[in-house]
Amino acid sequence: MEKSLNWREFIITRAIKASGYSAVVFVLLIFFFLLREGLPTLSEVEASSLLNIRWYPIENYFGILPLITGSIIITFGAALIAVPFGIGTAVYISEIAPRWMREILKPLVELLGGLPSVVLGFLGILVVSPYLRVLLDLPTGLTAFTGSLLLGGIAVPTVVSVAEDALDSVPRAYREGAWALGATKWQTIWRVTLPAAKSGVLTAVMLGVGRAIGETMTVMMVTGNAPVMATKLGSLFSPVRTMTATIAAEMGEVANGSTHYHVLFFIGMVLFLISLIVNVIASSVVFRSKKRAERILS
Amino acid sequence: MTKFFSRNRHTVQRLGFSLITLMAVMTVLPIVGTIIYILVQGGSAISWDFITGFPHDGMRAGGILPAIIGTLYLTIGTAIFSVPLGIAAAIYLSEYAKDNQWTRLIRLAIINLAGIPSVVYGLFGLGLFVLFLQFGTSILAASLTLSIMTLPVIISTAEESLRAVPQGFRTVSISLGATRWQTIRKIVLKEALPGILTGVILGLERAAGETAPILFTGAAFFLPRLPQSPFDATMALPYHLFVISTQVPEMPIQIQYGTALVLLVFVLTMNLIATVIRSRARARRQW
Amino acid sequence: MNKILIENLSLQYSDGAESLRGINMNILKNAVTVLFGPAGGGKSTLLRCLNRLNDLTDIRTSSGRILIDGENILDPKVDVIALRRKVGMVFARPVPLPMSIRENVIYGLELAGEKRKSKLDEAVERSLKLSAIWDEVKDRLNDPAIALSGGQQQRVCLARVIALQPEIILLDEPTSGLDPISTGKVEAALLELKKEYTIILVPHSVQQAARTADHAAFFLQGELIEYDEGKTMFTAPKQKKTEDYIMGRFG
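Chains as they are written, first to last, in numbering that gives the first Met the number 0: chain A, 0 to 297; chain B, 0 to 286; chain C, 0 to 250.
Mixed in with the good hints, there may be bad ones.
[Claimed, not checked] DSS-like, lysine-lysine: derived pairs with alpha carbons at most 30 angstroms apart:
1) B:Lys185 with A:Lys16
2) C:Lys114 with B:Lys185
3) B:Lys185 with C:Lys230
4) B:Lys189 with C:Lys114
5) C:Lys85 with C:Lys230
6) A:Lys197 with B:Lys97
7) C:Lys230 with B:Lys189
8) A:Lys105 with B:Lys189
9) B:Lys185 with C:Lys116
10) B:Lys97 with C:Lys76
11) B:Lys189 with C:Lys137
12) C:Lys76 with B:Lys185
13) B:Lys185 with C:Lys137
14) A:Lys16 with B:Lys97
[Said to hold, decoys possible] What follows is a list of derived Cβ distance ranges for each label pair:
15) B:Trp286 with A:Arg98: 16 to 26 angstroms
16) C:Gly21 with A:Asn5: 29 to 39 angstroms
17) C:Arg115 with B:Phe230: 28 to 38 angstroms
18) B:Gln133 with A:Asp164: 38 to 48 angstroms
19) B:Tyr95 with C:Ser13: 50 to 60 angstroms
20) A:Arg13 with C:Lys116: 19 to 29 angstroms
Treat the hints as calculated values from the structure; they're not laboratory data.
In this text, a Cβ means the ideal position worked out from N, Cα and C, and glycines have one as well.
Required output: the full structure, derived from the provided sequences and hints.
Here is the structure:
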């Protein structure tokens, strides 16, 4: 009986170990397939024309700059909203709200995080954008601003959850020490607690921004889908097109293996690399400061 | 002005608190508002026929049953692939992995998977499952794509739940003659299960609401009958909502809101179940 | 009668720091042997060698053997599972498993493959009686073990070990968190148990050592300074360092 137990345990342990490495396998797989279908772009389209400002695939204009600027401006706008509101709400939940309210707010924010992006895009089309069009007297409500607003709403729950966790894990002793020295609660939050949770809050912001960059459906539905360079401040209030929306909108219509097809995969690769870089930076920030904290506390 | 404020720290505090509270309210109110708004607008479209009937007249009338069933199939398909693999990977990270380079690589990979845009998953699914493995536009391809996307969520929450189980249990179990796997199976996994379940449900909830990954891998706009095999394409609620709100001319608003409501209810119910599991487990915990 | 023979045992942490240096001891059967001394002396580490629990940490043997009934248990070919059933351990803080009292006590037995209800019930009663707690819990065996007081939990942990009918019982500061009455009950149980089992105890105070020891070993910074009969050790210790510690001049 002992023998067969050992045999079973051996197989199970091996399977578990293999599962552990599955994440690495998948990342490599994804990278490989994006590369496979995206690299032909470089042989089919000149690099200079890729960096053009005209995206008009029907006439073979594959300039991806307007798409990149579209993504940037929307992400920037979303961050402008998500960061203050996200951190503010996290501070409220963690430091100011009474216990009973915390128990209500935390699940509520989590709920927002679970709302399908297509539902938010849907409301964006039917409610937000007509409202903004009238309010700001614009020719159309489908603009980068609308996208930023909704994207901010999508990124906020991520920022709130992670930041609130970070603030919560600041040892009580820090706050008590500050109070004992005569600081008000407000001063304690800004001069002690928040700085102590700095790395976690930074991670929260990066994850929120990452979420915003990668959002597809909402932006596709409300940003107007005009691949125009978004470089002036006024561009915020006109239609733009993001990289993600481009892929989603045009993939259904391309011929398998065509240049357009390859370029879309190429854009996918760019998105993959951007999120890779953001995540590596975010994780190294957390990693480094965790080590510092361990050294200080031991 | 500055002198006034620096003299009165408590005024500053009161102002600051008000500002922060305002921000929190402005963040939370839209959530509640959104849900209520959709409830109100879409409520009138909900009827037995709507939920159990098939669409007619180019989606402009009738019900959305195939979309509901389709989302159900996709959710189950995602669960089949991502749950066992995700939990096993979490067990590895929590109970077996040492703190070395390889483990850090795995964690980096997980963080990466979590950050990849959903539409890129769609591309990947198209490249690997639909084309290379020739599954075609199918429930299978879409489920596999969604499961890889859901994997990081399941792994991180499951690992956290496993780590939360007190280390003392493991030591005691081993000292009484248990092997590592016996300890995991009989104690650690059992105690971590509610937390793991919560994470699984939340992960699946997100998968159920996603559109981009299924766009090119399994979603179809109109199918005359329900899918018969995993190799069939399927309708799905999020995709359906997307199409009827952007691409069908003269689409009755009623039906649009109704569809949004059904999707919302689907997602919120899962959220509710997860929350209930979590709080009941916390009350029953023996540690 | 030697039960355990420790030959020239030295242990190291993975970064090279030494934990135990050249320990030579023989521990006799059916007696209470006490390992005492200031913190960091290596007593708990030695205890954990005896049931190979150190395998889970980064402590490695750099030299020496431990013979239990003549067999070197540090040999990699040894069946560790069987060893741990033979050498049971009670820890400093009571750790009731998240299950009922009854399930706690039979946990080890079920792992060993015992399925017969009659045997299990019998083991539960016998072990809880030997741990001097049967009367207190016999009517609520299906209650969660966590509902008991600290002292009661610790006695259930002791019963849990006894149920496996080990030959050796290791106790690492078992009464450190307990009130004097519970402490007294545990010590009384040990005095009964030593008739059947070999007991090795790390006490949480010199007084407890003096109360319970048949044999006593004084450890200081990883070295065995003195090893003698309990009566002699606490009335007329031979080494100056031992005397200083017992008299409370340091530690």
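Query raised in the report: Which earlier hints can't be squared with this structure?
Result: Result: hints 3, 7, 17, 19 and 20 break, sorted rising.
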